[in-house]
Each structure stands twice: as C-alpha cells, then as structure tokens.
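Novice: Chain residues, written in single-letter form:
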Amino acid sequence: MEYTTPNFTKDMIHTHKILIPNMAVIQFSLMQAALEREGYNVEVLGNCGSEVAQLGLKYVHNDTCYPALLVIGQFIDALNSGKYDLDHTALLITQTGGGCRASNYIALLRKALVKAGYGNIPVASLNFSGLEKDSGIPLTAKLIRKVIAAIFYGDLLASLRNQVHPYENRHGDAEAMTQKWIKTIQGWMHEDKYYSAHDMKRQFEPIVADYATIPVTRTPKVKVGVVGEIYVKYSPLGNNDLEKFLESQDCEVNLPGLMGFVEYCVANYTITQHLYGGNAIVAGGADALLGYLDSVGEAQNKALRKHGFYAPGSFRELMKKPEGIISLGAKMGEGWLLTAEMIELVEGGYPNIVCAQPFGCLPNHIVGKGMINKIRALHPEANITPVDYDPSATRVNQENRIKLMLAVAKERLENGGKDVAPVTAADLAGGTPKVETAVPAGI
Amino acid sequence: MRVGLDIGSTTIKCVVLNDADELVYSTYERHYSHILEKGHEILARIEKDYLHGQKALLAISGSAGMGLADSCKVPFVQEVFATRVAANRLAPGTDCIIELGGEDAKILFLTNGTEVRMNGSCAGGTGAFIDQMATLLKMSADEMDKAAQKATRTYTIASRCGVFAKSDIQPLINQGAQAGDIARSIYQAVVNQTIAGLAQGRPIKGNVLYLGGPLTFSTVLRQCFDETLHVKGTCPENSLLYVALGAAFYADEAFDLDDVAKRLDDYSATSTYASLPPLFASKQEYEEFHARHMKATVPCLPFGADVGPVHIGIDSGSTTIKLVVIDDNKNILFTSYQPNNGNPIPLVRQVLTELYEKHPNLKIASVTTTGYGEALVKNAFHADYSLVETVAHFTAAKHFMPNVDFIIDIGGQDMKCFKIEDGAISNIFLNEACSSGCGSFLQTFAEALGYNVKEFAALGLFADHPVDLGSRCTVFMNSSVKQAQKDGASIENISAGLSISVVKNALYKVIRASSPEELGRNIVVQGGTFYNEAVLRAFEKEMHVNVIRPDIAGLMGAYGAALHGKSKTAEGHISSVLTLEQLKNFSQKVNTVQCNGCGNHCQLTINIFADGKRFISGNRCEKPVTGKATDESLDLYAYKLSLLLEYKPVAGKRGKKIGIPLCLNMYELLPFWHSFFTTLGYEVVVSPVSSRKLYQEGQATIPSDTACFPAKLSHGHIAELAKMGVDLIFYPCMTYNVDEGLGQNHYNCPVVAYYPEVLAGNCPELEHIPFFYEYIDIARRKDFTAKMPKLLDKYLPGIPRHEVKQAIDAAYAEYARHMALIRQKGEQIIEKARAEHRRIIVLAGRPYHVDPEINHGIDKLILQQGAAVVTEDSISDRVQPFKTTVLNQWTYHSRLYAAAKYCTTQPDMDLVQLVSFGCGVDAITTDETREILQAGGKLYTQLKIDEITNLGAVNIRLRSLFAALDERNGKM
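Chains A and B, in that order, give the protein sequences. The working numbering puts the first residue of the first sequence at 1, with every later residue one more than the last. The working numbering puts the first residue of the second sequence at 1, with every later residue one more than the last.
One should not assume that every hint holds.
Unchecked claim - Residues of chain B clear of chain A, computed beta-carbon distances all greater than 10 Å:
| no. | residue |
| --- | --- |
| 1 | 29 |
| 2 | 63 |
| 3 | 147 |
| 4 | 223 |
| 5 | 230 |
| 6 | 278 |
| 7 | 531 |
| 8 | 835 |
| 9 | 908 |
| 10 | 920 |
| 11 | 965 |
Stated by the list, open to error - Counterexamples of contact, computed for chain B against chain A with all Cβ distances above 10 Å:
| no. | residue |
| --- | --- |
| 12 | 37 |
| 13 | 89 |
| 14 | 265 |
| 15 | 302 |
| 16 | 359 |
| 17 | 453 |
| 18 | 704 |
| 19 | 724 |
| 20 | 738 |
| 21 | 814 |
| 22 | 904 |
| 23 | 955 |
Said to hold, decoys possible - Now the stretches of chain A that chain B is said to cover, found in silico as 3 or more residues with beta-carbon under 8 Å:
| no. | region |
| --- | --- |
| 24 | 33-40 |
| 25 | 167-174 |
| 26 | 271-284 |
| 27 | 315-327 |
The hints are simulated quantities; they were obtained by calculation from the structure and are not laboratory data. Values in this document were obtained by computation on a predicted structure and should not be read as measured data. Where is the CB? At the ideal position from N, CA and C, for every residue including glycine.
My request is simple: use the sequences and hints to build the entire structure.
Specialist: What follows is the structure in structure tokens.
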C-alpha cells in the first residue's frame, strides 16, 4: 500500500496554514514570528493532554520512539479539533537525516495521515540533508538567517530565565522579563530587524543586562543539567514537564541550547568528510558556516559572562570535550553532542544531570547510558540519572529516580560541595567508576 | 518521638521510635491499594496509643509515598536514601545492601565509593513478580519457599523481566516440571536479574545485608543469592523496616499526626488521575449489551440414550484445561473448564474416567487435542488427532459466524488474532513475550487485591472514571496502578482501567489496528478473558463495532478440536483413546534432562506413561527422539555459520595475534577482516560461537538493559577474547555499511554502528588490551584504502602502505567470495526444495541472527516442519530497487525489503521475519515488510526473539503459518 500525501508546493505558502509541533517553547515562538514575516501562515501547536498520546499510539507502531508518537499524535489531534480548514492546512516536520530511525518520522506521519483519513493534507519537510526534495519547505537565505536568529535569541532567553528564576526575590520576575523579551524579539522579526550576525552580537548584551537588573538572592541551590534526545529534552509534552518539576524541587536547571544541535548537524558534514572522505567543498562550506555560527555564539557567551551569568564554552571547544570518551564519528541521533554536553555540564558546575531519552532510543544506548561509566571515571562528581520516557512510563517512576539523584545532590550541597561521604555514582543506569583504587605493591 | 512511614507499592510500613531512638512500635501490612485509608488508620492509631496529643518528628518514604508526602506537606525521603541512613546506624560495617521490594530492586554499595543502583523501569516487579509466580503455581509465597527447598534442579528462566520469566515458566508447568524445581528456578531468576541488571560489573562482596519482603520471607532466595555471589549475607532484625526506620531517623520536622491524617483525607477527595469515559453510560445500556451477547449460544443437550457416537475436543492451554463433548449434530453434551494446576494429565484422566463411569455405553468416535499441551495429551491418552490451536479456534468461530473475517482470542497467557480472507487464515498475530500474560494478569492482579477475578471485573462495569493505565506491558501497568492509587483512584475505576488496558494491549500492540474496517466487520471474540464483560465492552467501545462472543468463549479451542475430529471421522469409527480399563492403570512419570546433542542444550522433559510410551518435549530437533542429527542440507543458516567457522587462525610472519569478536556485523564482515589481517601476516583469533555461558560472562558490564540481545552478547565475546591472549582486539565503528544499491542510503543501525564505543567504555578487559575501534567506511573503497594505513599505524606501526593495499584487495575479494557462496548455496537449496516439493521459508533477519544463541534454533524448527530455510541476503540481489513507503536507508533492512518483494513473486516461498526485542529500527521495518508481503498476497509472520529459551509460542506460530499455507493451497 502506498502512503502518499500531497507535496508541499510553493504556492501553498499563501493558501495554507502550516502547523508545527511544539518542542523548545521559547525558541519556537520566535521562529513562528520569523516565518510569519516571510509570508508563512504558521501555528506552533499547543495542544497536549492524554488524547495526543492516545492518537499517537493508535496510528504509529507502538515500538517507535516516543517523540514520533507524540508529534504525530499532536498533529492528528489538531486536525481532529475542527479548528482548521482542512483544505488549507499543511504540516511541517523536521528531518535530520542520518542513521537514526528519526529520519523516518515523515514516512510515519504520512502513513498515519492516510490511515486517519487525512491523506489530502500536504506535509512539508524541513531538512538540510537533501531528503524529500519534492516536499521540502522552500527556504530563502533570509528566512534561514532569521530562523537561526530566533534560535540564538531563544536559547539566550531560556538560559537567562533559568539562571534568574530560582534566585529571584520576587516570584515571577524572570518569567515576566522573558515574556517581555519574547514580545520584543517577535517584534524585531516582524520588522525585519536585528537578525544579522552583526546585529545579534550587539543585541545580546542589552538583553543580558536587563535580566541582571532583577533583584536576586544567590543562595546555593542544586544545579541540574538536562541532556537527552532532542525532543524529550525540550518538549514539556515529551518529558512530563521536567523543567517545571526540577524547578519545583528548588533546583537551577540548565538545558544546553538548541543551537548546539544545529551546529552539531553542521559540524558532522566536516567530520564525516574527514573520517571517510567525500566532497571537500561541502565540508569546507560547512566548516565556514560553523565558524560563522560559533562567532555569534561566542558573542552571546561573552555577554552572559560579562554580567556574571554562566555560559558554556564555544562550540569548537565543546567539540574537544568528548576526547578520550567518544569519537566525533558517532553522529546518529544526538550522537557525540549528548556526551559532550554531559561533560560540559559537569565541568561547568552542573554535575547533576538528567539524561532524558525515549524508551529504547538506539543512539542513547551508546552516547547516553553507554558513556556514563567513562564520564564518571574521569569526573567522579558526575551524578547522572538516565530517565526513560514513553507513553506508559509513569511519572511517579520517573520522578522517584530523579529525586534519588537530587537527594544525593542535596547532601553534597549541604556538605559545602565537599564529599564527606562521597556518593560518587548516584543512580540506576550505573556503571562502576573505573578508577579502581589500585593499591601499589609493597605498602 | 520519631515516626517513619514507608509506603511501598504493596505494603505500608511504619515505625515509632522513642527519644532514645528505640523501636517502640512497628507495623508491616499489605495495603491492598487502600493507601490513604491505611495511612490514616495507622497514623491515628499511633496518635492514640503513643503520642496522646504530643507532636512527633515525621518523615514519609517509599515509592507510593512521594506525591502523598508533598500534598500533606510532610518531608519526603527517597527510599534508597532512607535505607542508607538506617544501615549506617543499625548495621555499621556493611559493604553492600541488596533490597528487594514489591516492585523495586536496589543495590547499595556502601564502602569504597558509595553507589546506589535502582532497577530501570523495564525490569520492574520483583516482589510483585514473585507473588505473581506463586499465584501461577497455586501456592502462597510461603509454600513456594518450602517447595523450593526440596528442589533438585534449576531451569533457565529469562531474567530480563517478570513478563518474560512468566512466558518461560508457563510451558514448564505445562510440560509437567516439578513445582519445587520451578519455584527454585524463579528465585534464581530473580537473583540473576538483580545482579545482571544492577551490579553492572562491580563485584558484590564483604558484609552483605538482605532487606525487604522477599528476602526476609524466603530462605531459598537468600540461599540463591549466597550461592551466586559466594558470600554469606545476613538478613538483619527489622529487615522489613529499614526504609521506615531511615525515614524516622531522618525526620526533623514535628507534626501533629491527627493533622496529617486529616490532610490525607483532604488529599483523597482530590482525585486527579488521567481517566477514560465510563464503559456504560447507563444501566439500560448495560442491559441491552448483556442481552445481545446472550444470543450467541450452542445448544447444550443431555447425553442421549444411545450415548454416542460422540467427539471429544481437549484444549490443553497454558493455565487451563478445557474439554468438550459433542454429538453428531455439533450439540454440546458436556463441558469441563478447569485450571490445570500445573499438570494437565491427571485432570484429563479424571474427566475421561468420570465420563466413562457416568455413561457406561459411551461410544467415542474421535478425540482431538489442541493447545500448548496438545502433543503431550495426545500421546498420553492415545487421542486420534491433534490440531494447532489457531486452526481449532478458527474452526469453532466459523460455526458461529460462517462469514467471520476476524477472530481475536485473549486467553490466560496468549493473545491470538487472525484475519480470514477467502475462507483461510490470511494473517496471524500472536503476542510477543512483551505483552503476554494479559489474561492471567487480570486474575493475579485481582487476587493480589483480595478479590476473585469475577468480582473484580464486575466492579469495573459501572466505574465512573476508569483509570488510564497505558498499554505497554503488565509490569508497566503495575506501576500505573500504583500511580493511580496514589492519586486516589477507587478500586472500581482501577478494575475498569485494567480491562481497558488489556484490550488496548491487544489492539495496539498485537493487532496494531487503527480502525474497525481494518479488522473486518465480522468479528468473533473468544478466550476466557472475554467472559469478563468489562473487557468485552471495552473492546467494542474501542473499536466501535459490535462483535460476537459465543457463550462458550472459553471453550472455543476444545469445541473447534471436537468439530475437527468430527469432520475427519468416518461413520462407525472408534477412537483409539484409552479405555476405562487403561485409564485406571494409567500412570505418568516425569523426568527432566538436558540434551547434550548439540550446542542448544535443550531442556528436555520426558514423560513416561504406564504403557512404557515416552513423550519428549522441549526439543528443537529430532535428535533426542530419533537419535539422528537433523539434515542440514536445506538450512542456509547452518551453512552460513559453517562458512564463518572455517576462518581459523593462521600464524603469520608478524607474529602478533589479532582478536575479532564474533558479534553483530562481524557475522558478515569476518571474511573481510580475517582475510585482511591474515594477508598482513597476523594471526586472527575469533571469539567462539555464542553460548549461554559466554553471555553470562559479559552480562555484568552491560550498561543499558533495554539494548537488543545481539548487542548485549558482544560483552561476552570481548570477555572471551581477553582470555585468548590476543595483542589487539579489532572491532571498528561503522556508521556506513556496504552499499548494495538497494536503498536511498546504506547506514548501519546506531547500535551496530557504534557498539564498539560502548564496549570500550564499559568492558574492564579493554583497559589492558589495545582496542581498535576507529571509524571506518568500507563502502568508499578508495578513501578507505587511502585512510586505513594511517589508522592502522596507531596500533600496529610500521606496515608498508603497499602491503595494506594488498590486504585490502584481498579483503574485498574474500568478502565478495563469501557473499557469492551464500547466494550459490541459496540457489541450490531453492532448487533442491523445489525438486522435493518443499516449501521455502525465507528466515529474514540480519547477519547476526545466524548466531544459534540469538536465533534459538528457529531454523531447525522450520526444517522440522518439512520446509527449506534460506536467508534474506541470499535472494536480495534478485530484485530491482523499488520505492518503499519508509526511508530505505539501512543496508541490512534494504535486503529485508528486497527479499520480501522477491517472495511475492515466488508461489512456494514465504517470509518469516526475525526481530530482536529492543530493536528500534524494526518498529519501522516490520510494518513495511508486512505491507510489501500483503500487497503481494503473502502472509506475514514475525518472530520476536530475545534471550528467551522456550520456543512454545514460536512453534505455534510456525505451525499456524504452515496450517494457513496448507489451507490456502487447499490441502486440507
């Protein structure tokens, strides 16, 4: 049986409303503004609730990854809602390409649409890998630049919000500030302003400075980093509102930015060429693009540091982190980036980490659970807990494991960061710290 | 005063300490899900008896206590943390704690770097698991322990999780294994599971402390731990109360317990859990539903005066034994439906004897057996026919609805669904190990909550807000129930939720249907579980279609068998079944032995009957029965393995030994690398073919318990290689596979591509042996040739470039030769099979499915059915690239699609797909393969395999496939 849905064509830009699944909330709300300015009529879906997962279960093979289930469930739930003119609605899905099964989301979506009786809904693919040439969303250079800007600004707001919120003197200040800046930047997007690298580099500082005006009391709190499969890492729908839960436990949360994933995808062109050969021009182009992105990223980091906020190192520095732990050749799914982010977090003062993954996520067997042992051997303070997400995993189970990780973290915090009775490895997915105490002979 | 409250998944524990921290009161009771009521009751009791208005320091712990603690504003202590607090005080000097609870297993290392390990969500259910198993054996937990003390042997039971173990145990029960032996095997499985899942390479030694219910109550379980770990662990005083004690020690905030109890009541009023619409909107709707289903009946008549001729059908199922007697007009004269209590033989004997005695002139024309135990019962009682159960069910369903196009049967352990087209079974769905046990799960759950299954199910009919419990597997349901209980769901709503979950499991896990049209419009539902009206209703509601549930829903297999016997029997025929006299003298002796005929080491159960007739079960091949080895000339799997085993070490000029683990993609690339290094002048040593022992050798270092079994096995291969004195272990990472031009790309799956990284990070052996796991792409021959010398130089310096080039050429040539040999042999087998008029089965998997430890001898099972076995890679070059619905980007899976496509052009060729549990890629490929085959008018059969050792379900599936194929060809 063929599962074909109409391709997304250029003229649909003006006739169709494009639905986008939600993931990283702040970043996506800015992207929406960028797309609107370019003439796209888009809506980032906000529908959640148990119906979404139910529909996903119904129309997608249940052993497929949870993100596919949720994204497709969210689309079908939206189409079912009656809110949209079905003759003028299209769906946009991102495709990363590569050996992970996530490259197949679009095929699964088409299959599900046909099964659910929405075979007439066009599906557009957003990818940079040359897949789905006929239905790729038409991208102008300007739009790409604006999307990139939306991610940069979004990452910055998310990072600032997370670094201020736990310490604010008046509850709600950081959130209000974030909402204000989302509006402002959306305005920029609509007015075609400040999306060039040059402008961005100038705008970062005033934003950071504004957050720095919020009165805070910096009592030490447990600092938790979140890494994982990209969708469950960011999407509150996918991770049972993990960020909120951690905040409710009085933690400072650090979600490494979405731009890291974009840069990772770009960097892989160069790495692949380097490892196996191939088109050197493409690789060189990718490297140049990475340089451009990284220069913007560095400007952002500088602005953060200037006002006393935490900022990670540059992306090229991040690429050095996995050395001795995992090769940069591991490029499926989140690949080496996930491992690199864990190390970056541990070294950056966020030794407590939730590694969020969909149940049975193949790349994460390798780059997540598979690497924890090595990371602990090098960084005994690493306190990492992998958490599985899927339609039937219960919140109580997930939160119980996270709480165990937090209990260890709190104990250390109370010991002034010094491990009196060091609980070196916190939790389930385990792995022994490899630094076996080798007793020298003759003592 | 200090009070610690520990609310676990099945029990509630509470301690009261006086100001000198002495235990003045403790309680340990099952809460039967009435967490809030129990909590209230206990707190009120303590207030009344000990506190008298005084405040006490209070903390709450336990997996079910978390949300509850939050909402009544009492400090919560994570339970592992609490255990540690208690152990530091009460048992100083402890090195390691093993604690098994209702659903959690934990290991705490206290000395030399404290570490805490908790089971992942997939291995849930240890105490609850033992409870379930005890129920299965019809014993109390105490009786099970007693029985295990008398055990003489231990069976291998899968230790991944409770559901898997259950699938292993049920057939053992059916084969007549001794209850005591099974009981001990269950404890041993718990031990293996705990150690494999949690120790992860860290040795457990020194002073070991055993805590929690199961370890406190079962001496055999402790003994199994002692023996496996070579330690002498202690189960301390108050071993059940450590978490509660830890919470009490930790408590630093004073509360008035009456206040807390009151807050619990408020909490129960705010029940907020995900709920589903009720099953019935009104009483009237129920009445109509009930009346509609009362119509599908078979006339039941008393025995006639001439008592015959009658036909008897016996369905020896996994948990029950069903027997139906019909007359020549298909009317039912007698039925019997009983739990088999672990051994069907005495029950059948008893029922037959009673029939004879009540009806002295009984003329039995035929006896037909079906179900799990069909062969055993047939042999024991000399029945006339036996029938694979799927066909028996279809035969019975046809009687109720001649135009039936879909049958779903939910029994105790199995779920079977078949689609019928043109009067023949066109598609079979059997549940995988992962969703098994759903029928009996309802029963065990009901019993655990103190109800019988009927009462329990009836409770759910009028529930107002059924709990949404998800549908992944029964272990997950357990914890969903836990969550719902925490959120204050009533027993009625839990009952309804469980019934709905069982249905969803069937629909979305097994059938994978999204609309009623897909199933067909004429559906017959059957199996004992559908007597449960809540399940029946949930099914109709979920699918929006009215179905037929025969009044003999639980007897359909037996009825179908009887009908089959009737249709086969000529008038005047007299059954060969044992006479009353023979029944009286009947005896059964059961022996179990391990067959050592080959590497499979099948666990054989030998039944010896009064007439000296022996019946052997548990075998994969005919060797233990006939004494002859299976003819492997039609088995491409055996040939492929034999090709690989020919790559022997050849001492070379460079003197060093290169070790290659025979795992994952090495099952295809061994010829390539063997030739490469041999040409270079190295001696290539290959790890031995996988075995159970090899697996166990490496299982402690596996970091992700949900990875696929083939990947997990590689840890054992590394461990073996380390013992073989190699100078370097070679196992490169390969993002890309070879490119055969069949798809849009030629990736490996992430696990195959990067598993060497996991080995490097987790196998302690690799700390001392150089390990080559560089990234290599052999699809780009030129680039590979240019880059390889440099990579090699890091590990084996000084090899001249031209020699490497030479070796690479030799490697590609050898690989090409190897693949050509496979294809030639495939062609030969196909020709031979055609000449002998045999069916050809394409047993499609990946190269590593050739590993006998992975395929469990399924190729042999197919040969036993008289068919020939070829592989996907032997025929994948016979089709042109074609468009697939999904992104066709993995080389191994491109072959699969191509093989499926080729099958559709060959009338005598059918495909069976092997899927390893946990293979995420196969979630995508199975649907695609199914569609390719169905579009070409072929049946699709999938066999999901893991470390399971029992092949009962696989056998049924294969036999059903052959029966369906025969039926299609009109051979029946």
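Novice: A separate judgement is required for each hint: does it hold in the structure or not?
Specialist: Hint check results:
no., hint, verdict
1, 29, "21 Å, holds"
2, 63, "6 Å, violated"
3, 147, "32 Å, holds"
4, 223, "26 Å, holds"
5, 230, "19 Å, holds"
6, 278, "16 Å, holds"
7, 531, "26 Å, holds"
8, 835, "36 Å, holds"
9, 908, "25 Å, holds"
10, 920, "5 Å, violated"
11, 965, "22 Å, holds"
12, 37, "19 Å, holds"
13, 89, "13 Å, holds"
14, 265, "21 Å, holds"
15, 302, "48 Å, holds"
16, 359, "51 Å, holds"
17, 453, "23 Å, holds"
18, 704, "4 Å, violated"
19, 724, "23 Å, holds"
20, 738, "13 Å, holds"
21, 814, "22 Å, holds"
22, 904, "13 Å, holds"
23, 955, "24 Å, holds"
24, 33-40, "violated (count 0)"
25, 167-174, "violated (count 0)"
26, 271-284, "holds (count 5)"
27, 315-327, "holds (count 3)"
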